[in-house]
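One-letter residues, chain by chain:
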Amino acid sequence: MSEPFEPKIIAFVCTYCTYAGADLAGTSRLKYAPNVRIIRLPCTGRISPMFILKALQKGADGVLISGCHPGDCHFTHGNYHARRRWMVFRALLDFIGIPPERVKYSWISAAEGVKFAEFINSVTNDIRKLGPFEQYSQLIEQTQAPASL
Amino acid sequence: MSIEEQYRKRAMELLSGGAVKMVIGYGRGSNAERRRPVFISSPEEVNRLVLDEACIANLSGYLVNEGLLSDEKRVAVFLRPEGIRAINILAAESQLDAEQIVIFGFDVSGNEVKALKGIHVEEFEDVIGAIKEHAPEMGNEELLEKIEQMNPQERFAFWKEEFAKCIKCYACRQACPMCYCRRCIVDSNQPQWVNTSSHSLGNFEWNIVRAFHLSGRCVECGNCDRACPVNIPLRLINHRMAQEVLKSFDHFAGMSKTQEPVLASFKKDDSETFIL
Amino acid sequence: MAKIGVFICHCGENVGAKVDCTKLAAALGDHPGVAVSVEYKYFCSDPGQESVKKAIRDNNLTGVVVAACSPRMHEATFRKACAEAGLNPYLCEIANIREQCSWVHTDKDLATEKAMDITRSMVEKVKRNNKLQPIEVPVTRRALVIGGGIAGIQAALDIANAGQDVVLVEREPSLGGHMAQLSETFPTLDCSQCIMTPRMVEAAQHPKIRLLTYSEIESVDGYIGNFTVRVRMKSRYVDIDKCTGCGDCITKCPAKKISSEFDCSLGKRTAIYTPFAQSVPNIPVIDKANCIYFKNGKCKICAKTCQCDAINFDMPDTFVDLEVGAIVVATGFQVQNNSLYGEYGYGKYPDVINGLQFERLASASGPTAGKIMRPSDGAEPQTVVFIQCAGSRDPSKGVRYCSKICCMYTAKHAMLYAHKVHDGKTHIFYMDIRAAGKGYDEFSRRAIEEDEAAYIRGRVSKVWQENGKLMVRGVDTLLGKPVEIAADMVVLATAIVAQPDAKEFAKTIGIGYDEYGFYNEAHLKLRPVESSTAGVFLAGACQSPKDIPDSVAQASATASKVLALFSKDKLEREPVVATNNEVTCAGCWGCVLACPYNAIEKKDIVDRSGRVIKRVASINPGLCQGCGTCVTFCRSNSIDLAGFTEKQIFAEVMGL
Amino acid sequence: MTKILFSDKLDKCVERWKSAGLTVMGPVQRANIKTYAAVEHASEFDFGLILTDRSIKDLFFPQTEPMLRYTIKKDAINTDECLPPREQRIIFGARACDASGMAIDDPLFGWDYKDEYWFQRRNESVIVTIACTNADEFCMCTSLKMAPDSTKGSDVLLRPLENSKGWQVEELTERGREAFKTIADLLQEGSDTAAPVAAVAEKFDLDACVAWLQNPENFDSKFWKEISMRCIGCASCTYLCPTCHCFDIQDEGDTYSGIRRKNWDSCSFALFTLHTSGHNPRSTQSARWRQRIMHKFNYFPSKFNANSCSGCGRCSRECPVDMGITETLQEISKLSQ
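Protein chains in written order, with our numbering: chain A, 433 to 581; chain B, 1131 to 1406; chain C, 8 to 663; chain D, 27 to 363.
Isolated chain A, as found in the complex:
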């Protein structure tokens, strides 16, 4: 490979905290890696484990999940429910052989533009080091579906 590997990363974030934090990173003109695509949801409570599987199906080498810090959820409890779900799903993925390093979770508030930018950069770096998620790509190849755009 001549070109260095650039990972594809898909992020699922809540609109009230992390999405706003990402906006703040923008208004603060912070710079971060362009590898991440963000999907906006009302609350981390809405982020289903299915989203993670579909992101992997779309060829994501890494998935990010982020929302309000505990106690700060706009919907009071959504992130507490999400946290339990993640705990369980993470263990499940690990047991199946999907490395936990490829699915990262964070709390980023609307004020944490800097944390957002740093988080994106560090995760992009980490996933870049891990390399492409070849084992999952092989699953996708075996479906014999044509390569997407």
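Honestly, the hints are just simulated from the structure, not real lab data.
A virtual CB, placed ideally from N, CA and C, is assigned to each residue, including glycine.
Don't take each hint at face value.
[As the list claims (entries may be wrong)] For each label pair, taking beta carbons as the anchor points, the in silico distance ranges come out as:
| # | chain 1 | residue 1 | chain 2 | residue 2 | range |
| --- | --- | --- | --- | --- | --- |
| 1 | C | Arg407 | B | Phe1404 | 22 to 30 Å |
| 2 | A | Ser569 | B | Lys1244 | 50 to 58 Å |
| 3 | C | Arg407 | A | Lys463 | 54 to 62 Å |
| 4 | A | Glu533 | C | Arg452 | 58 to 66 Å |
| 5 | A | Lys463 | B | Thr1388 | 37 to 45 Å |
| 6 | B | Asn1361 | C | Ser616 | 43 to 51 Å |
Assemble the complex: chain A is given as a structure, and chains B, C and D must be docked to it using the hints.
Showing chains B, C and D alone in chain A's frame:
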């Protein structure tokens, strides 16, 4: 009197007195090793009931068959401790009224069948508590340990080989007392979250979703494992998830009929070491 | 067929400098289902918006994606523009290519590529958007205020003075709450009853306020704008319409030795009684547990005495059903039971009292007519020790939090005592003096400097009786020395805790509470007077310990929230709410438990003969706030969330 | 004197077939499952199995199969039809019930539209069947008027020798003869006697059963409910059955491209006949089990003149709740007496 005789007698009494409308138990199967579920609704038939160490299947799933309990009459059922836990979960998840269930409890250790005292699900809390403290062997510990020792790539490869066998017959789902949904997520096609084809991707997705939906709900009865016609060690995944909820949330599925579902509840101080 | 319009905004140079908008427009023009893909300098400008509207009309667009700044900036702008062009506003989505793309990336090619992904993904979403209508909820313009203390009264008066109907429910026989029990109030030392009783009377006589005292809430159903509430009016055994409040019955009642709740057991009352002289309404109640007739079947002296024939021993509890649009919860607090602290001798030595008891001793209308007398023998105490934080800030035995008002009332007690017993000595054990508030620090300084209260920083370890004195042993941590004081009276600044039935009551009305039983606000900073349930508001110490000004301020704030709610006939809510497919719902009801808003109810589906054929979850759009937690929980995928449907999110991912 | 293939020559045969461009397949045990699969060496075969867990159907009609690939452009959808990869195969060591199962389905896949996926694979495969000398309690070929050495659907039939050293060879079809020409020199003429075929007891009276099923009065018999009460509605019986052939067509893909696939489906599933309206003509499990039996022994024979069952017994052998065709037909036999 053997337990089999005692329980036949009890079934006879309950049926002839009208205390229950049906007894769900085990009968002789198509060969010497097999037992099959039987549904006894008249006292004359109680001699079809068999109880021995070959009675393994968890029969609790039949209780949620559509219409069975809607006349509010009682039904008796032969259950091992896992089956009793399943009743608690089904009651906690509003799938049945535990008052309607009369339990013929039993357990098997080695070749010995012993009766469990009690009739209603509340009376078995000690039995269930004891399993929480000392889980019985599931007989596949070595493989579990082997998998735990693998690195992620090896684990992925292991499951890929196992899941490659899956033919999406959904015997695991149909055999599971907890899979009572009228429409499974795999059959929900707007959108199609789970690929239904049994290529490797679809098989991964299905088995991940199945295990996730059973997290904190699986009683480890092994119905799925035994039902799988292609011998995927499904129970290992469920077992791992049961360990996880026990370790992380001190949740032991089916402790009581009022237990809150682990994923519909939370504690503010739940562990979050993995969240950055 | 979808006909989507894509409008790519340069935002001057803000987007254009880092995203090749021409390339982006061309790429999106090639995207399936896109009918129009254009770029422009500023779409948010008037001509920009006009061009969007024109494109919608000219091309009969079925959806619009504006690729521009964050939706948090201009989503509302463009949704309005769409509506003006006849397109349902919820068919418009924003692709955030400024804050989350052009401003944060340096490589133009990569930024352009990312902008394409973002915009395509949003096009895929908008293809699956549904036309949504704001949810209209009718509003019953009547407020229920629960609790007749200062917070409840203030809220009721503010709402009523704005012309709206109020029902004020109080469980005690009289309005007044804790404030009516107080002697003077800090930091002005004006008489509590002097400022309180006029408000009580005003509330009782207000034409817009219906007062239900000696009444409790049985059940609350419904949702914002449309609550139905059942109130139990406990039997007074005195006909409220006939009684003139002459008080003859009270005078004649032979059961006179009953410990008075209002006087915190320092005084006595009769079996037929009003809690205090200025009770509102001034109608007595019969205390069934202590009434001689109810105990022995003989007496009825009160009935014989009554000129108006108002006494009725057979009077039952009655129920009132109310339709209300908003609920203000002002159920107050209680003081912690100090017998937790055996080492302080509360309950063992009669002269160890709590702060509220001291209020009654100091009150001109109290059991001692304002004279400071110690309970054991009525002697005037010469040395008084006050112990602050008797329960507060004590995770081991009491509560973790600060009760907020104790520093101030202890300073006040020291002052009142000094003013009444001129040669008395006061010692105050404290942890910190927390005197934040207008005039508060000055007030506590006055207690020290003018009234010579001796503050000792440290904890008391033990109180015991010796030679007719209460011996107080503590430590002065500033001097690092143990202290022992021989006192005549010890006053404990007891922790403020939630009402004993606070958690049960929260479940009745469906609001959240914390580990202590104080009610949770919807947002600690931004929505401090709203509960997590829409239409239910919180005033006063039921939320957390508060002093009078804070309680009154919060009460007025709830009133303004209620009035804002009542300003329209119908309530419009964002249609981002969850819906359930009752055909596929398995009725496990995990969603009911998971919902933070109690917006999901259990519902029976019956056949024509009324037989239950299925039990499902039913989501109340009036209560749902649209977080989507239930959607994720639902294993059968039966629940979905408008605006963020499963199909939409699936398409967003698949469009990347 | 008959042609004999000695076991010790088999590895050579495999070599020979492989060099002739054939994929060699047969019964193996892999990853804790007994199935038909491609082998490199004869040693991988497991002829000791009474029957594989999965049927030979997998090799002709796989669980999932691409039909076409598509890409979506703004103004057009481009499609690219898929057929199975060309592959000449020899399936060595099939069982008579499996082989006949394929023959049973031939008219089904060819009576109107000729299913290219099926027939390409059928035409490119040689089935070498080994007659059974062992059977278990679930085998029921004889009840279906077949036998452990039925030739239906086979291209070559091998009979195990009594001395276990090889097989008597009986070439049945042109395709079979062609494939065995490649190894003609490895066969020997001999007089070794063949082992007797397995004694498979007749379990029910097929004719009586069919007559009972054809009687319209029995369609609503309460028998159906009783016999299927414990059915849990999974598809293990249909998916392991060599003759069950229902499938569903499913599109998988994202915004830009995708694939249309043909996947097995099963009449056991509640959703199999669920209408969009919510109505389900087979709303109970008993109706679904009845359909399966009726289809195999009433409807299918009326159209194709053969029962859609070859007597392998997998349905009973693998059923999680110990049900199956055998029990059902045994009970019907009793009813019709």
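Going down the list of hints, with the structure as the test:
no., hint, verdict
1, C/Arg407 / B/Phe1404: 22 to 30 Å, "28 Å, holds"
2, A/Ser569 / B/Lys1244: 50 to 58 Å, "53 Å, holds"
3, C/Arg407 / A/Lys463: 54 to 62 Å, "43 Å, violated"
4, A/Glu533 / C/Arg452: 58 to 66 Å, "59 Å, holds"
5, A/Lys463 / B/Thr1388: 37 to 45 Å, "53 Å, violated"
6, B/Asn1361 / C/Ser616: 43 to 51 Å, "48 Å, holds"
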